[in-house]
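Asker: Chain by chain, the residues:
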Amino acid sequence: MRTGRILLFIVAAVVAILVGLGIGYWTFGHPRAAPKTTALLLRPPKPLPAFSLVDDRGTPFTKASLGGHWNLLYFGYTHCTDVCPTTLADLNQMAGELEDLPAAEQPHVYFISLDPKRDTPALLKRYVQYFNPAFTAVTGTVTDLRALTAPLGVAFSYDPPDQSGNYAVDHSSVIFLINPESEEAAIYTPPMIFGRMAADYRAIIKYYGKR
Amino acid sequence: MLHKLPPLLFAAFFFMPITVNAEGPVTGVSHVWIREAPPGVQELAGYFTLENFSNRPLAVVGITSPDFNSVMMYRKPQHSNRGEMEPVTTLNIPPHKSVVFAPGGSHLMLIKPRKRFFDGDLVTLTLRFSDHSSLTIMAPVRRDNPQH
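Just so you know, the sequences run in chain order Z and X.
Under numbering that gives the first Met the number 0, the letters of the first sequence match residues 0 to 210, in that order.
Under numbering that gives the first Met the number 0, the letters of the second sequence match residues 0 to 147, in that order.
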């Protein structure tokens, strides 16, 4: 009889300890599962390097310009026939699908031109605002661009010009999601899956916001 | 050569007629559209699906348009994971196969428009084939991808 009571006490103690550990784990130490998205999440987010570019109003655009809000960066150029306008149109659609979010959670969209020789700030402003008046275009010298593109892994090169002087710029076609701490949080890689980008964005900022 | 596209007719232009010879249908063209260009842009992208209904290989050997200075075909090189595209002078379509030009992949580059084209306009394109046949189609200009 005495042995049975001791055994019951031990079992009750073990159960109590396990329940306590479970509650503590769930409350304080539960590692949140990363959302399943088409975008690649960087865990932990990777800080951006220092860089110095200029936006389509002619004002400096630096790492600090990305702080305090979520950002989507896309690199391209205005003479790009297919993938750049396709991606910017998709980003416009995505921005529209996110309009219900609080202002602080809506992404700022930046189109960064890799072709400063032809893409002046004035031309870039007209170009990017065709897709969405809230979008901002950015550019800089090739050297200054590489200060940002190299750490991000964005490759670009200039094809030889044709008889008319026109040339293509070969470039990576990915979208970077930068968090309010100016860190690289996720990468959307092609093929962009239309209709999933906004849903993925919601899942990602929710995940990072509650870590 | 410019026309406005009545909205109700858009579906009809999305499923184009075909070329035929004595043996029957040879080529079908569908999902044709041209992306409206932002202001100042002199190169527009065009898309279509070409189908070879015949038992013989067929190739597109050139595309012209009275609405543009020139038209070129571009495709992504195999095994490329960057944004580079390469020009195509001969677009081969095996028997009973189709070739898709779609956003983010193979596309037409329509260079130096005679005027600015807007959503709903129509552009004339003439495709020349390796069997010496040709097909003239009217491609609608769209601001957004009509398949979205």
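To be clear, the hints were calculated from the coordinates, so they are not data collected in a lab.
Computed from a prediction, not measured in an experiment: that's the story for all the values here.
Ideal Cβ positions, reconstructed from N, Cα and C, are used throughout, including at glycine.
Do not take every clue at face value.
When the alpha-carbon atoms are kept at most 27 Å apart in a straight line, the in silico DSSO-like pairs for lysine-lysine are as follows [claimed, not checked]:
no. : chain 1 : residue 1 : chain 2 : residue 2
1   : X       : K111      : X       : K96
2   : Z       : K124      : X       : K96
3   : X       : K96       : Z       : K116
These stretches of chain Z come out as covered by chain X in the derived footprint (C-beta under 8 Å, 3 or more residues) [claimed, not checked]:
no. : stretch
4   : 78-85
5   : 125-138
6   : 184-193
Asker: Now, for every hint given, state plainly whether the structure supports it.
Answerer: Hints and how they fare:
1. X:K111 / X:K96: With Cα atoms ~32 Å apart, K111 of chain X and K96 of chain X exceed 27 Å; violated.
2. Z:K124 / X:K96: Violated - the C-alpha atoms of K96 of chain X and K124 of chain Z are around 43 Å apart, more than 27 Å.
3. X:K96 / Z:K116: Not OK: K96 of chain X and K116 of chain Z at ~42 Å, beyond 27 Å, violated.
4. 78-85: Held - the stretch 78-85 of chain Z has 7 residues with a Cβ nearer than 8 Å to chain X, which meets the minimum of three.
5. 125-138: holds (count 4)
6. 184-193: That given contact holds, which follows from 4 residues of the stretch 184-193 of chain Z lying within Cβ reach (below 8 Å) of chain X.
The earlier numbered hints that this structure contradicts are 1, 2 and 3.
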